[in-house]
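**Student:** Here is what each chain is made of, one letter per residue.
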Amino acid sequence: MSRTARPRLAVWKFASCDGCQLTILDLEDELLTLAGAVEIAVFHEASSDVGEGPFDVSLVEGSITTAKDAERIRAIRAQSATLITIGACATAGGIQALRNFAHLADFQAAVYASPAHIDSLATSTPIAEHVRVDLELQGCPIDKNQLREVLSALLIGRKPVVPGHSVCVECKRRGTACVMVAHGTPCLGPVTHAGCGAICPAYGRGCYGCFGPMESPNTAALSAQLAHLGESPDAIRRVYRTFNANAPAFRAESRKHGD
Amino acid sequence: MATRTIKVDYLTRVEGEGALYVKIDGDRVEDLQLRIFEPPRYFEGLLRGRDFREAPDITARICGICPVAYQTSAVNALEAAAGVAPTPAIRALRRLMYCGEWIQSHALHVYMLHAPDFLGYPSGMALAKDAPDIVERGLALKKAGNALMAAVGGRAVHPINWCVGGFYRAPERHELDGLTDQLKRARDIAAQTVRWVSGFDFPELEQPYIFVALRDDARYPMEGGRIAASTGLDIPVADYPAHFVEHQVPYTTAKHAYLTETGQPYLVGPLARLALNVRKLTPGARHALAVSGLDLPCRNPYRSIIARAVEILFACEEALRLIADYAPPNPPAVPVPPRAATGHGASEAPRGLLYHRYRMDAEGIIQDADIVPPTSQNQAMIEADVRAFIAHNADLDDASLQWRCEQTIRNYDPCISCATHFLNLRLDRGTGTP
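Keeping their order, the protein sequence lines are chains L and B.
The working numbering puts the first residue of the first sequence at 0, with every later residue one more than the last.
The working numbering puts the first residue of the second sequence at 26, with every later residue one more than the last.
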């Protein structure tokens with residue numbers, strides 16, 4: 000690739016809700032600048048122009064839930080210099096990874112009369128379980144500002160700054176009183192990765208962990224606090240089993256509180 | 026005329042992953058299948074055993090483009106199950122939030138996904154190279170919708186402020202006042218949008234649609250109401266299962282829906298809402314509609330882009346009215362004690378009627394759930410439209426026919442992630458590889 004060519008960007012989708020891809024289009028003020036600074040080679044949701052690889056950067060949304068998709072992600076990796084996962088599905092397996100804790104046949108029977116027509120693996124797994132991933136952007140959905148930072152850093156050629164601290168730091172920065180201390184509201188903020196801007200506590204509810212685990216979360220201490228606030232083992236298990244249920248730290252902690 | 030094969034590998038500018046397979050012999054469509062390949066995520070399975078208060082956050086994740094629709098239908102169903110009705114102030118705030126979702130979702134579709142079909146561009150971004158002003162207008166509209174969602178819901182994708190019973194916190198007046206100027210600009214852009222799209226060239230096609238949409242005595246339907254159809258049907262949402270049937274088709278992961286009584290497919294979405302509720306539009310939207318030349322009921326699916334533009338204008342006007350009248354609901358949520366019961370709920374997602382049913386036990390644990398998204402209801406109708414288009418236009422060359430088939434599917438703003446989900450178009454005229 001010549002030095003003067005624009006970097007070639009590809010956006011890919013696996014099992015997901017499309018919300019993280021939509022966050023790219025939600026960069027309303029920067030979208031047209033971005034479309035000028037990079038060559039958007041593949042972005043099925045937004046464009047019928049579909050280019051061939053190789054790609055300088057691939058953004059990957061969604062988790063792997065079929066044998067075909069497991070093959071497809073390997074082909075994408077082989078064509079991508081840098082591969083970045085966007086969102087909880089691609090990074091942790093998403094809400095659909097709740098099947099990893101149950102029997103797929105039960106889930107299928109709840110939805111389809113003839114599950115035999117459906118190609119589906121028994122698990123929903125993150126991209127990093129299948130191929131090497133260069134950067135993971137957490138969140139259900141990802142945060143627009145973090146996405147902007149990653150894209151800007153890539154264009155400039157520097158390392159993106161995505162802090163690994165907890166939502167608690169963001170509450171302090173925002174000036175929100177701690178909902179757990181002040182009101183006894185159960186909150187996953189102490190173990191959850193920053194990035195959303197601590198929205199939930201600002202709206203009077205506890206964080207529900209949609210950004211997944213922070214670096215080195217002390218989930219045992221948080222579970223003890225939740226039990227102290229009167230949460231049942233079932234309820235404690237459920238709070239870790241949502242959009243990042245399959246992230247190792249949340250998965251391990253949820254297993255301490257029932258099946 | 027010999028049979029032919031045309032193959033396209035991915036239908037683009039739709040949300041999710043799907044394919045279309047068409048086999049044509051002369052001007053006769055031998056076989057047509059809209060195949061949704063998107064892998065299923067089993068929401069109805071994973072909702073079992075969850076606390077009923079988790080349903081709005083979990084079902085929001087079915088769709089990143091219309092999470093408020095899922096949250097609304099979920100809370101409507103669960104409040105009905107519990108026998109609790111939210112206050113008018115809570116309902117008004119929900120409606121305000123829903124306006125934001127209509128504005129951003131419709132603006133995305135009109136400007137970035139659908140208009141390029143009429144103007145001969147592969148994407149909104151490509152259109153922006155020649156006509157940056159037009160695309161910037163669309164992005165400004167979308168931004169206004171997102172700003173409204175963020176102000177009420179905390180953020181635009183998967184808002185966090187929605188709970189069974191109401192809201193975690195009602196925004197203060199001053200948090201909404203700041204939106205007024207932006208929404209007034211959006212309203213003007215929306216009026217301009219109606220004029221712009223009504224000047225497009227529309228392929229000829231008239232389809233015998235049965236329209237189905239919510240109906241509300243006082244207002245244009247959005248966050249709730251009764252279910253009405255152009256057949257004269259007018260039923261409470263709880264009667265939905267008795268009148269509509271979903272069934273699994275082997276070639277797709279999304280289920281099809283039909284009217285139980287006649288076995289006919291039906292249409293949901295902007296054209297159906299307008300056909301059944303035009304008198305309840307806001308004055309500016311009614312005026313814009315009159316000037317647009319869209320005759321109702323409209324049975325040309327390509328003109329749905331005009332209906333969508335009119336609804337953007339309506340949603341801007343409605344949001345401005347709701348903000349002007351706003352008094353924060355106090356308390357922001359009514360208590361919803363669980364009980365062993367089944368509840369049904371519906372609302373008008375940007376793409377059409379979205380129905381939810383939940384059965385919970387006395388502790389509020391969900392025993393089973395049923396969700397019928399608009400795109401799965403429209404699937405049979407999408408196939409019928411493509412079939413009819415091809416029958417009238419079989420003389421088109423393969424490339425043009427393929428382009429028009431994709432455009433025909435995009436008329437529906439299909440949300441394949443919702444319907445479970447992938448579009449790849451394959452035209453088989455019998456002579457090429459299968």
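Do not rely on the hints blindly, as some may be mistaken.
Chain L regions said to be covered by chain B (calculated; three or more residues, Cβ under 8 Å) [as the list claims (entries may be wrong)]: (1) 24-37; (2) 90-100; (3) 155-164; (4) 182-193; (5) 237-251.
Sample of chain L residues with no beta-carbon within 10 Å of chain B, all distances over it, derived [as the list claims (entries may be wrong)]: (6) ALA77; (7) GLN78; (8) ARG131; (9) VAL132; (10) ASP133; (11) ALA226.
Derived from the structure by calculation, the hints contain no laboratory data.
Where is the CB? At the ideal position from N, CA and C, for every residue including glycine.
**Student:** Are the hints correct? Go through all of them and say.
**Tutor:** Right, here's what the structure says about each hint:
no. : hint    : verdict
1   : 24-37   : holds (count 7)
2   : 90-100  : holds (count 5)
3   : 155-164 : violated (count 0)
4   : 182-193 : violated (count 0)
5   : 237-251 : holds (count 3)
6   : ALA77   : 18 Å, holds
7   : GLN78   : 16 Å, holds
8   : ARG131  : 23 Å, holds
9   : VAL132  : 20 Å, holds
10  : ASP133  : 24 Å, holds
11  : ALA226  : 17 Å, holds
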